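Q: These are the residues of each chain, in order.
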Amino acid sequence: MYKKRNEPPNTALQNNHGFIAVDDYDTRMYILPHLVNKEDRETIIAEHLSAPVGQATQPGAPAPLQSNALARLLDKLRMMPQTGKHTIIETKPWQEYTIGFLPGARGSPVQLSDERYATRAAAEHAIFLKRLSTLLEQYGIEM
Amino acid sequence: MTEKTLQPQDYMLRITGYSDKFSVRPGDDISFHVHSEYNESYQADIVRLIHGDTNPEGPGYKEELIHTAVSDMYPGKHQEMHIGGYIMVPHDDRFNLSSFTMCAYIYPTTPVVDTEGVPVGVQSILSKWDAEHDTGYGMFINEQGELCLKIGHGPGKIEEFSTGKPLFRKMWYKVAVSFDAASGKVRVFQRPYVTNTNNGHGMSMLHPVDDTQGEIQGSSYMGGPAQNDCPFLMGAATKKSCAGRYLNGGIHRELSEPMEIPIHTLKYNGKIERPKLANRALEDHEIEMLLSCQGIEHAPNELRACVIGAWDFVSNIKDNAASQSIIDKSLTLSHGQCVNIPVRAVTGFNWSSDFMSFTHGPHEYGAIHFHDESVDDARWDQSFTLTVPEGLPSGVYAARLRVNRIASADTEDYIPFAVRPPKTGSKAKIALVLPIFSYMAYANDNLSVNSVIAQLLTGRVPLLQPGDLLLNKERGYGLGTYAHYRDGWGVNTSSRLRPIINMRPKYIHVLSPSLWQLNADLHITDWLHEMGYDCDIHTDIDLQDEGVDLLKDYKVVLTGHHPEYPSEQMMDYYHDYQMQGGRWMYLAANGFYWVTVPHPDSNNLIEVRKGDNGTRAWTIEPGEYCNAFDGKHGGLWRVRGRVMSKLLGVTFTSFGLTYSSYYRRSPDSENAQCSWIMEGVGVDEPIGNFGLIGDGAAGLELDRYDLELGTPHRAFLLGTSEGHSDMFVSVSEESTFNARGYCAAGTGETNPNIRADIVYYKTPNDGAVFSVGSMSWTGSLSHNNYENNVSQIMQNVINGFIKDGPLP
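Protein sequences appear in the order of chains A and B.
If you use the numbering used here, the first sequence corresponds to residues 1216 to 1358, in order.
If you use the numbering used here, the second sequence corresponds to residues 700 to 1507, in order.
So here's chain A without its partners, still in its complex pose:
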């Protein structure tokens, strides 16, 4: 019986180096500069806290648009791979929420944390902070 593994060639191309390299460039050039400085970071965090899940347009006012810095950061964080990604679970309808972790592989349960939040918006902001902290950690920036 054959038990050897049949790995594809170990090339930069097979390892999707092109995407990873440009993604890293984009992060360093366009996202991190708004996060390195604590004051800038806190401005972005405050902006997220003011409307964590978006808001409707009011007559006579412009549509509520996020700042470019926050929008780019959010898009980056939302694009992270599914495995282990944070999600929100409704534990008591309209009253209580917790944060969970996606399994990645299909057919595996969603894992739940012990954290509790009174609103979806609060859970959303908590996840934003966790994701932000993980991203900064990857680039050696202390939150």
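The hints are simulated quantities; they were obtained by calculation from the structure and are not laboratory data.
Predicted model, so just to flag it, every value in this text is computed and none were measured.
Some hints could be false.
[Claimed, not checked] Chain A stretches covered by chain B per the calculated footprint, using a threshold of three residues with CB under 8 Å from any CB of chain B:
hint, stretch
1, 1264 to 1274
2, 1277 to 1283
3, 1297 to 1305
4, 1312 to 1320
5, 1326 to 1337
[Unchecked claim] Here are some chain A residues pointing at chain B (derived, C-beta under 8 Å):
hint, residue
6, P1308
7, W1309
8, I1342
Ideal Cβ placement from N, Cα and C applies to all residues, glycine included.
Position chain B against the provided structure of chain A, taking the given hints into account.
A: Chain B only, in chain A's frame:
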């Protein structure tokens, strides 16, 4: 923080089910099939669903308990799903072979791992294999992705002979395994078969070929395979010969008697073509000869005599490829049946691209694609039956299930159904046609968990409810047309005969800040109820069956908040209704968009092929545009010359699955023919700057008028929404170039086509069409205790439409 660490099952739904029908009339029977996760007993009751939105900012959840004979406690039963497509040829002793050859063309799509990198494990291509007792024989892909032959001699005694070379994903191969009992000689080979076109998006430059071409000759000294009573399966192997479940009726109508199916395992992802089984070890040239023909038509007589299975996947392709029967051209006539709807009408090993439809060149569409998550029918045991009481008003109802009578999110589920008026008719002048095909298309999309783009589409982290947790734990409830199978192929069929977790009252949908589909359609039933309108409920499946006659007695017809997936017949019938003087209210956006085909023998199964064009969850593979169920081109109705604006006056223009906006009145709303619609609404008053779906009446998906796309020339523009954020994007079918500043591809703040238009026009014989072009319109109806300008406009339109005589 709590004292107890939460476990995945703590908030998971513990009960669910489905019904045999979705719509019934008084006197009809409807049966329910219930799964109880922990075998717990449950209370079942019939309730009328009035309003499914639990949002405390709205009128709240409303249901009415109906006293029927169903109300009782029932013993709960855990009912497994047996998912994954395969072909079954019933057990036949002639298949208990000592010497044999199996050969075919195959196109594996997960030879080692799935698209998420998760190992798929051993996959059976052709086998008479008992996986529990290790008996029989089979052609498999092993865990290393290599073609192999397994010979089972009994528990723990398995011989495996593999080529030692990995099969590549998306590549056609000629494969064969053989065993000669007299000499003990074994042969296994895999040979890539590459043309410029046949691999679809797979490689056409394979170099060096030895990376994946392999052959082994070996010897077995343990005698031939042990006999078993398993069926011969393609695309799976047998775990247990008899599951106690049967193919019977519906899409298996061609069977003359019920056929018991096995519990299957070792499921394969990929295509198989021209599978053959012979009762001796064949020489290379004999294998070549067999693989050169669909059946055995090229085989000389001596060779014909030893072929005991030659399944020809082309022979019953006619105007469609909907048959689930698999024809055996060998002398044994061992015909088979498809189980769990493996995909027919897919390109074969010889696809040249000369034919883009399987009906034009069926010989190039001789493959069947198997997916290990497909489902045609849960086939669960029936749990209880309701005989719909005479006199029960037409409405949306549900069997409410409560584990141990506990009303909580994880112990309670609803199986919805529609009660139609009696056949003798009713006094109602209004009909709401629920878009069941659309509910099916979105079934169990599970985008929150499986789709990385979900958070970008919605601009937030998805919310999971107890049903979503069950869906993830099970994986086996089958998917809908928004999902991909594990091999990356889009899910092109959807069945109603299994739990559809997101077709429920109280459900919050991932694609909306709140509601979508059935639960959002309950906003309409609630409003009609509160306003005192007498309305009959029908479904689009009823329309499919009964034609425009179903609608002829109604002055007004409504089609729900998102009727996106109509069949050709439904398109015709709605058009006929409009031509015959019907008055039609389209309270939706992105309706009548995808070509949707019910199986010719069952309206419980639909097919959708998402083509090159359109705002879509996936793109069909090269050459596979045509639906197996009717042979016609799939994709957008727009591509078939039936853009929705011909039927609605408005066409899909944008979506932003987030917060909404509002409308402004347009000058036509003051026209003498239209002003009655805006009675009670100030000229400068914003319309719908409130609501339960994203806080506004213009949202989720948006439609606009377009004279170039069939909007009737005398249509009026009553209102236009403004102020959609940059989360609202242009639809891809109109974004022919993505260029910065090119507004056709822009977002809400840059593209003036990103708006919802309220359009009104008259049709022949005093008919009319009123369209709102937004999916969140219905969420605004109940605002301020139903006193608001969206509700006012709706009352004006309905009151005007139900009057006899010409419109103003």
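Q: Work down the list of hints and note, for each, if the structure agrees.
A: So, going through the hints one by one against the coordinates:
Counting residues of the stretch 1264 to 1274 of chain A whose CB falls under 8 Å from any CB of chain B gives 8; the rule of at least 3 is met. With 4 residues bearing a CB less than 8 Å from a CB of chain B, the stretch 1277 to 1283 of chain A meets the requirement of three and the coverage assertion stands. Using a Cβ-Cβ cut-off of 8 Å, 7 residues of the stretch 1297 to 1305 of chain A lie near chain B, which meets the minimum of three, so the contact claim holds. By the rule of at least three residues with a Cβ nearer than 8 Å to a Cβ of chain B, the coverage given for the stretch 1312 to 1320 of chain A holds, with 7 such residues.
Counting residues of the stretch 1326 to 1337 of chain A whose beta-carbon sits less than 8 Å from any beta-carbon of chain B gives 7, enough to reach three: the coverage restraint holds. At its closest, the beta carbon of P1308/A sits 6 Å from a beta carbon of chain B; the interface hint therefore holds under the 8 Å criterion. For W1309/A, the interface hint holds, since its Cβ comes within 8 Å of a Cβ in chain B; the closest pair sits about 6 Å apart. A hinted interface residue such as I1342/A counts as satisfied when its beta carbon comes closer than 8 Å to some beta carbon of chain B; here the least separation is about 5 Å, so the hint holds.
Going through the hint list in order, the structure satisfies each hint without exception.
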